[in-house]
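Student: Quick mapping for you: the protein sequence lines, in order, are chains A and B.
So the first sequence is residues 1 to 457, counted in the numbering used here.
So the second sequence is residues 1001 to 1065, counted in the numbering used here.
Careful: at least some of the hints might be erroneous.
Short derived list, chain B residues pointing at chain A, Cβ under 8 Å [unchecked claim]:
id, residue
1, A1016
2, T1029
3, H1034
4, L1036
5, P1040
6, L1044
7, L1047
8, P1054
9, L1060
10, S1061
11, K1062
12, A1063
Hints listed in this document are in silico derivations from the structure and should not be mistaken for laboratory results.
Even glycine gets a Cβ: it sits at the ideal position worked out from N, Cα and C.
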Amino acid sequence: MSADPLDLGLRAQAAAIAAGEVDPAELLAAALARIEQRNPALNAIVETFPERSREMLAAAPAGPLHGVPVAIKDEWPLPWRAQRFGAAELTAPTAPAESGPYRALRDAGAVIVGVGNMHELGAGSTGATSYYGPARNPWDPERCPGGSSSGPASSVAARLVAAAVGADGLGSVRFPAAYCGLTGLKPTFGRAAMEGHHMAPTTSLIVSGPLCADAADCRLLGAVLCGEDLPAGDAAGLRIGVVRDAVSEDVTPDVRRACEEAIEALREQTGGEVREIELPDLEPATIAALLIINAESMGGVAPQQLNDLHPELSPVARSSLKYRMLLPATATVQATRVRTLMRRRLAALFDDVDAIAWPTIPAPAPPLEAPVVELPSGPAIADQANIRGAALANLTGIPAISVPVGFSDGLPVALQLQAAWGADSLLLDAAEALERANGRRWVEARPPLAEATPMEA
Amino acid sequence: MQGATRADQFVPAGLAALGIEADEVELATIGALHQLLWPPVLELLALDTGDVEPESRPDLSKAPR
Chain A
1 MSADPLDLGL RAQAAAIAAG EVDPAELLAA ALARIEQRNP ALNAIVETFP ERSREMLAAA
61 PAGPLHGVPV AIKDEWPLPW RAQRFGAAEL TAPTAPAESG PYRALRDAGA VIVGVGNMHE
121 LGAGSTGATS YYGPARNPWD PERCPGGSSS GPASSVAARL VAAAVGADGL GSVRFPAAYC
181 GLTGLKPTFG RAAMEGHHMA PTTSLIVSGP LCADAADCRL LGAVLCGEDL PAGDAAGLRI
241 GVVRDAVSED VTPDVRRACE EAIEALREQT GGEVREIELP DLEPATIAAL LIINAESMGG
301 VAPQQLNDLH PELSPVARSS LKYRMLLPAT ATVQATRVRT LMRRRLAALF DDVDAIAWPT
361 IPAPAPPLEA PVVELPSGPA IADQANIRGA ALANLTGIPA ISVPVGFSDG LPVALQLQAA
421 WGADSLLLDA AEALERANGR RWVEARPPLA EATPMEA
Chain B
1001 MQGATRADQF VPAGLAALGI EADEVELATI GALHQLLWPP VLELLALDTG DVEPESRPDL
1061 SKAPR
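For reference, chain A alone in the conformation it holds in the complex (with noise of 0.2 Å):
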């Protein structure tokens, strides 16, 4: 091999393994080593248990992620640790354990070989709060990785690990798949294995997804989570759905550029067409997942234990945590017939078109320090213009896929494509297609720091 086999894809470095041209223990030594070189400039992975790691490869079936390394958002639990939600304390019990994305790569054959830092609480899209301290970008290490699977997208972008798997409630795989210029799919609601995590029993809106390089990656990593195949197709013929609205207009002029035409490359690939289409009502959509998320997190938190929260915990978190418990309950049934109307709304348009395609982030990945962004509509907080375009998705279930489509001043911008229930495999197929497209010059992009290293002779 001339290149290094850490800067492969997932796909390719489980076929060198299986095709005996990558000795998996070595991969593992390598991944570890560059995890040790690399991450103290990142802090993506906030763990690693180098015994354990060795222990899952000698154990590792011959699965089709036989050997290879990935990370694991610090959201799942393991059996050897706890999950700490990028916080110092959670309001839920936690405990070591055999979580549903632990036990699918465990029998898929790969190597949990770290942990990967989030956004505290899983509460923002950033990445720029975290009790480790935050993840940092490969494209920018002064810039937010984005939330809350900020950990598990450096990790991926910088090649540490050529996937990872993370958890999307409110848009936290696509938005740091988007600010790090990868792929993240958000799959279909209780399609992905979601056992052992601590709001599991409650959430309408999570699931674990697969973070990669690109759309092929993702099925695999996928179709793993999904205990199930995620077959390919063509796309042929894709009929994308459009809307005219803050979503994909308030948006930065390069942010629009790009999207507009990956949207027509996709169009012309697919041999498909483009039509506008009317969906209404998507700011309430947005505050009404919002309301759910927390009705499903605060359920059982008494009052009283939030004046004994743990003085780790960041202010951000103890204020909104508290004024959580504050939002009215008849809104939060407001939001519930909120989901079934855009269920609806939903279920027709997708007679009518088989994509939505939107902006996945309304502006490239900002300052660490001051997570804001400037739209044409003004200066926004970055959580606040993030969130409208991906809670719709959790809110009705469908999947949702961010694909990278070009370069803002040397930061990574994306394109959403969202489906009807069950149509993951398609919107794989739709991100393939536009990989095609464009000559897949987006999702071979590297950034400076994980460029390929070729392997001394």
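Once you've looked at the hints, dock chain B against the given chain A.
Tutor: Using the frame of chain A, we list chain B on its own:
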């Protein structure tokens, strides 16, 4: 802004009613959150959903029945 004026009373009163303590930094942060989130909450409540027949035990993995 009317919502902001109300926040001066609503936030401390609401927290006190629940027995939740908050220091000055937290109160200021909560006030900012309230200004951000309360207007869309009011918009949501004002939305006419009278014609929306609620889904009974919706299966979010599938299209609505």
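Student: Determine for every hint whether it applies to the structure shown.
Tutor: Status of the hints after comparison with the structure:
1. A1016: Since the shortest Cβ distance to chain A is 11 Å, the answer is violated.
2. T1029: holds (4 Å)
3. H1034: Cβ of H1034 (chain B) sits 7 Å from chain A, so the hint holds.
4. L1036: holds (6 Å)
5. P1040: holds (4 Å)
6. L1044: Interface hint status for L1044 (chain B): holds (5 Å vs cutoff 8 Å).
7. L1047: holds (5 Å)
8. P1054: Given a least distance of 6 Å, the restraint on P1054 (chain B) holds.
9. L1060: Nearest chain A Cβ about 3 Å off; hint holds.
10. S1061: holds (4 Å)
11. K1062: Cβ of K1062 (chain B) sits 5 Å from chain A, so the hint holds.
12. A1063: At about 4 Å, which falls below the 8 Å cut-off, the nearest Cβ of chain A leaves the hint on A1063 (chain B) intact, so it holds.
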